[in-house]
Amino acid sequence: MPNRRSLIAAAAGVAAAPLSPWRRAEARSTTPGVTATEIRIGNTNAYSGPASAYAVISRCHAAFFRMVNEQGGIGGRQIVFLSYDDGYSPPRAVEQVRRLVEQDGVAFLFNTLGTPSNSAIVRYVNQRRVPHLFVASGADKWGDYRQTPWTIGWQPSYRTEAQVYAKHMLDRNPDARLALLYQNDDFGKDYIAGVRDVLGDRFDRVVRAASHEVTDATVDSQVISLQASGADALLTATTPKFAAQAIRKVHDIGWRPLHFLTSVSVSVASVMQPAGPEKGIGIITAAYNKDPTDPAWDNDPGMNEWRAFMRRHMPGADTTDINYVYAYGVALTLMQVLRQCGTDFSRQNIMRQATGLRDLEIPTLLPGIRINTAPDNYHPIRQMQLQRWDGTTWRRFGEVIEGTRV
Amino acid sequence: MATLLEARALTAGYGGPPVLHGVALAVEEGGVTALLGANGAGKTTILRALCGMIAASGEVRFAGERIDGLPTEAIARRGIAHVPDGRGTFAELTVEENLRLGAITRRDRAAVAADLEGALTLFPRLRERWRQQAGTLSGGEQQMLAIARALLLRPRLLLLDEPSFGLAPLAVREVFGALARLRAEAGVAMLLVEQNAALALDLADRACLLETGRVVLQGEAAALRRDAAVRRAYLGR
Amino acid sequence: MEGFAHQLVAGIATGGIYASVALALVMIYQATHHVNFAQGEMATFSTYLAWAAVQGGAPWWAALLGTVFASFAVGVAIERVLLRPMRSAPVLAVVCAFIGLMLIFNSITGAIFGYAVRPFPSPFETSAPLLGGLVSGHALGSTAVTLAVLALVWAFFRHTGLGLAMRAAAYNPVSARLVGIRVGWMLALGWGLAAAIGAVAGVMVAPVVFLEPNMMLGVLLYAFAGALLGGIDNPAGAVAGGFLVGVVENLAGAYLVGAELKLTLALAIIVGVLLLRPSGLFGRAVESRV
Numbered sequence: 034m035p036n037r038r039s040l041i042a043a044a045a046g047v048a049a050a051p052l053s054p055w056r057r058a059e060a061r062s063t064t065p066g067v068t069a070t071e072i073r074i075g076n077t078n079a080y081s082g083p084a085s086a087y088a089v090i091s092r093c094h095a096a097f098f099r100m101v102n103e104q105g106g107i108g109g110r111q112i113v114f115l116s117y118d119d120g121y122s123p124p125r126a127v128e129q130v131r132r133l134v135e136q137d138g139v140a141f142l143f144n145t146l147g148t149p150s151n152s153a154i155v156r157y158v159n160q161r162r163v164p165h166l167f168v169a170s171g172a173d174k175w176g177d178y179r180q181t182p183w184t185i186g187w188q189p190s191y192r193t194e195a196q197v198y199a200k201h202m203l204d205r206n207p208d209a210r211l212a213l214l215y216q217n218d219d220f221g222k223d224y225i226a227g228v229r230d231v232l233g234d235r236f237d238r239v240v241r242a243a244s245h246e247v248t249d250a251t252v253d254s255q256v257i258s259l260q261a262s263g264a265d266a267l268l269t270a271t272t273p274k275f276a277a278q279a280i281r282k283v284h285d286i287g288w289r290p291l292h293f294l295t296s297v298s299v300s301v302a303s304v305m306q307p308a309g310p311e312k313g314i315g316i317i318t319a320a321y322n323k324d325p326t327d328p329a330w331d332n333d334p335g336m337n338e339w340r341a342f343m344r345r346h347m348p349g350a351d352t353t354d355i356n357y358v359y360a361y362g363v364a365l366t367l368m369q370v371l372r373q374c375g376t377d378f379s380r381q382n383i384m385r386q387a388t389g390l391r392d393l394e395i396p397t398l399l400p401g402i403r404i405n406t407a408p409d410n411y412h413p414i415r416q417m418q419l420q421r422w423d424g425t426t427w428r429r430f431g432e433v434i435e436g437t438r439v
Numbered sequence: 096m097a098t099l100l101e102a103r104a105l106t107a108g109y110g111g112p113p114v115l116h117g118v119a120l121a122v123e124e125g126g127v128t129a130l131l132g133a134n135g136a137g138k139t140t141i142l143r144a145l146c147g148m149i150a151a152s153g154e155v156r157f158a159g160e161r162i163d164g165l166p167t168e169a170i171a172r173r174g175i176a177h178v179p180d181g182r183g184t185f186a187e188l189t190v191e192e193n194l195r196l197g198a199i200t201r202r203d204r205a206a207v208a209a210d211l212e213g214a215l216t217l218f219p220r221l222r223e224r225w226r227q228q229a230g231t232l233s234g235g236e237q238q239m240l241a242i243a244r245a246l247l248l249r250p251r252l253l254l255l256d257e258p259s260f261g262l263a264p265l266a267v268r269e270v271f272g273a274l275a276r277l278r279a280e281a282g283v284a285m286l287l288v289e290q291n292a293a294l295a296l297d298l299a300d301r302a303c304l305l306e307t308g309r310v311v312l313q314g315e316a317a318a319l320r321r322d323a324a325v326r327r328a329y330l331g332r
Numbered sequence: 533m534e535g536f537a538h539q540l541v542a543g544i545a546t547g548g549i550y551a552s553v554a555l556a557l558v559m560i561y562q563a564t565h566h567v568n569f570a571q572g573e574m575a576t577f578s579t580y581l582a583w584a585a586v587q588g589g590a591p592w593w594a595a596l597l598g599t600v601f602a603s604f605a606v607g608v609a610i611e612r613v614l615l616r617p618m619r620s621a622p623v624l625a626v627v628c629a630f631i632g633l634m635l636i637f638n639s640i641t642g643a644i645f646g647y648a649v650r651p652f653p654s655p656f657e658t659s660a661p662l663l664g665g666l667v668s669g670h671a672l673g674s675t676a677v678t679l680a681v682l683a684l685v686w687a688f689f690r691h692t693g694l695g696l697a698m699r700a701a702a703y704n705p706v707s708a709r710l711v712g713i714r715v716g717w718m719l720a721l722g723w724g725l726a727a728a729i730g731a732v733a734g735v736m737v738a739p740v741v742f743l744e745p746n747m748m749l750g751v752l753l754y755a756f757a758g759a760l761l762g763g764i765d766n767p768a769g770a771v772a773g774g775f776l777v778g779v780v781e782n783l784a785g786a787y788l789v790g791a792e793l794k795l796t797l798a799l800a801i802i803v804g805v806l807l808l809r810p811s812g813l814f815g816r817a818v819e820s821r822v
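If you're matching them up, the sequences are chains A, B and C in order.
Residues in the first sequence are numbered from 34 upward in steps of one, following our numbering.
Residues in the second sequence are numbered from 96 upward in steps of one, following our numbering.
Residues in the third sequence are numbered from 533 upward in steps of one, following our numbering.
No wet-lab data here; the hints were simulated from the structure.
Glycine included, each C-beta is placed from N, C-alpha and C at the ideal position.
Errors might be hidden in some of the hints.
To be verified - If you want the footprint, here are the derived chain B segments under chain C, 3+ residues with CB under 8 Å:
#1 170 to 179
#2 191 to 202
Unchecked claim - To spell it out: a stretch of chain C is covered by chain A in this simulated footprint if at least three of its residues, at any positions, have a beta carbon under 8 Å from a beta carbon of chain A; those stretches are:
#3 541 to 555
#4 606 to 618
#5 626 to 634
#6 693 to 703
#7 779 to 792
Unchecked claim - From chain B, some residues computed to sit far from chain C (all C-beta separations above 10 Å):
#8 98
#9 119
#10 146
#11 148
#12 150
#13 152
#14 166
#15 167
#16 184
#17 186
#18 225
#19 268
#20 278
#21 306
Excised from the complex, chain A in its bound form (with noise of 0.2 Å):
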């Protein structure tokens, strides 16, 4: 005669029965994405299109991740990175994060690259409760962790930038009036933002604001009104081709500011060169990962062990592409979360322990930049060191400047 239990049981099976194979093991299993043997990592980023520069990045992070199983995995397991082509689109982005997770069965996305794409994602992956960690961009909307608690960012946000920015003016010449550059975007608005965070209830005497939009051809009527703003400071946030037009059009009608310039648009080769190195002298930009062509760094530990690694899991490769440091630096910030997880590698610990690095050093930051996350900070970065451009390339200078805590 069939006992209570067994009854149950029967009754559980059939009640079970409707869903997929997968779905019961997930149903089960409060590790999703973890087995005894393997962690699944899920990753998208531009391999194609436009924004396909930053593709080093997940290849960087490859090559990080057989190195890591090379040397035993983590937590005893094998580091299944698994990275799509999203286009640097958002749709796409969505399709493939779908795969990921209901398909592949990844733990949680890693490094994700794109605001576009990060935006487009970020509600599902806060619905399904997958942890979202060290997003690629540097929107401040990914510190909000009371509306995405499940999505935290790495790298300073632009409106951290600007805070820093601020600062410094304010440092220099606490009257000084400030002609703000921006593209009339997130990316730009996030500047303003900033500024307004150091400025207070100053911002609308001191400032002088003007956008334009992507689809302009020129900004030299916006460099022109700011100049007639009488400001004697000017931010340029916008991306490489307007920089390079406003830093032309700023030098040749006579205008000499104090010009900071937002770090998405720090190229030589794409923005200096072009706007004529000698025209941008004195632009004040921040940085906080060591550059791989500093001199200051030939030596350096941490950045002779990222050397080592780059000689053996990523042989010919252009060393002087700083997005290979930025890459090994946010994959290291991983592999401390993992090791805080000990072993229990649900989604809950992962963010759990994401959001909880204390003065975690990364060896190819800037001396004196530490790594802290709380559940109610989520901008692991918050420091930046100003660096000025003295015709040849960017040097640093001052002490390291903490943005405003908001």
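Could you slot chains B and C onto chain A? The hints should help.
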């Protein structure tokens, strides 16, 4: 008189069943052949088929050479000028530009200038409207413009599709007067499609009667004018 | 006042950019009665060809000449190979083909040359800005080139038989054939000339906006607006329209509505003008008597 244009077994249509069934006709050098028939008999279709504007089968010879299968512009360059139904003027261009276009394929500048003078003498009204947009001309003036443009090709054969259509009686008289003068002075051969059979038979020396895509009667214009059936059906007597 | 002069001159300079692309649009419209949305991307591709030639050591003028001829050939090829089969297709299908061309050119350019922003040399560069920093040597030079191309285009359409034949072929292909015009080759010629003009426009524009695959994205929009404003069947009108759009956009943005709304205001003005004069400020109004 030598035969200038000769068509044999001409069959054509607009994609569906054929509109013309094995039509045969001829135009002599310097002669005028009238094409008569009711609406829908296929008169316009014949002109279009001769000019390669629609798909057609059969043999068409112009001055002894086959022209069936050639594209319209090649046929025009051989000296056949077609004044289509609806006149086909370039409405957005001026009278001057329309006339210049008539001679666009010609290299003999002096002769073109002479022909232009001749056309303006034939149709003095056009001289007054020289810089006007062709689309603003009256129906009669547009008809004259279309004929003048065709003449500027210095054609050996002129195809005319319903030159009297939609014109006031005065304008019709002017146009046909000009055609008669043309025929008498310049010896241009013409194939004339006309609803107005009386007018056509006055001008022509030969005539064809078309019914549902077939030639039912052919011969000297004078003879057809006397034919009882023709008189009843088309001349109203 | 000095600021105003700057804004005005900057507006004329930007307007010159729109005007030069508008000329290519006018050419293609006059020849085919279609607006080629791929014009900007084709011009960008041509500019990259010139850039490659210069990188390879060719002097600027030789690179430009070579690019103009190459672009002409590409334009003719596109018409003969891609568009000829679509001769009797509905307008919407043709528009789709143009948009497809636009995407294809954009992607090919990016795939071959990469997306980095590059400087492009100008033969008009002076060591110091002219007129007290008001205008650069290049702005003056490129405006002169635009006006020269305009003069050539205008003379071509108004005073040559070929130009007249091309216009006729676009207005009324059936009648054009009846006067002996080879309509198919007129279309191909129109495409070739438009591509060649686009190449010149691209080479003039690139030193200002910097060379990258999306260089013409915004410019095409403004050029189109300028061409419509001035009259898309009138080369001089389209050029004037381009300059007008540049000036109005700048002055409106600086003094009236601020940078955010300047595009809106410019487009609103254009729509307003077109409501009153549909053929544009200088276009020829087409009337027909029924």
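So, going through the hints one by one against the coordinates:
{"no.": "1", "hint": "170 to 179", "verdict": "holds (count 5)"}
{"no.": "2", "hint": "191 to 202", "verdict": "holds (count 6)"}
{"no.": "3", "hint": "541 to 555", "verdict": "holds (count 6)"}
{"no.": "4", "hint": "606 to 618", "verdict": "violated (count 0)"}
{"no.": "5", "hint": "626 to 634", "verdict": "violated (count 0)"}
{"no.": "6", "hint": "693 to 703", "verdict": "violated (count 0)"}
{"no.": "7", "hint": "779 to 792", "verdict": "holds (count 7)"}
{"no.": "8", "hint": "98", "verdict": "23 Å, holds"}
{"no.": "9", "hint": "119", "verdict": "24 Å, holds"}
{"no.": "10", "hint": "146", "verdict": "7 Å, violated"}
{"no.": "11", "hint": "148", "verdict": "7 Å, violated"}
{"no.": "12", "hint": "150", "verdict": "13 Å, holds"}
{"no.": "13", "hint": "152", "verdict": "20 Å, holds"}
{"no.": "14", "hint": "166", "verdict": "7 Å, violated"}
{"no.": "15", "hint": "167", "verdict": "4 Å, violated"}
{"no.": "16", "hint": "184", "verdict": "7 Å, violated"}
{"no.": "17", "hint": "186", "verdict": "5 Å, violated"}
{"no.": "18", "hint": "225", "verdict": "15 Å, holds"}
{"no.": "19", "hint": "268", "verdict": "21 Å, holds"}
{"no.": "20", "hint": "278", "verdict": "21 Å, holds"}
{"no.": "21", "hint": "306", "verdict": "27 Å, holds"}
Of the numbered hints stated above, those contradicted by the structure are hints 4, 5, 6, 10, 11, 14, 15, 16 and 17, listed in ascending order.
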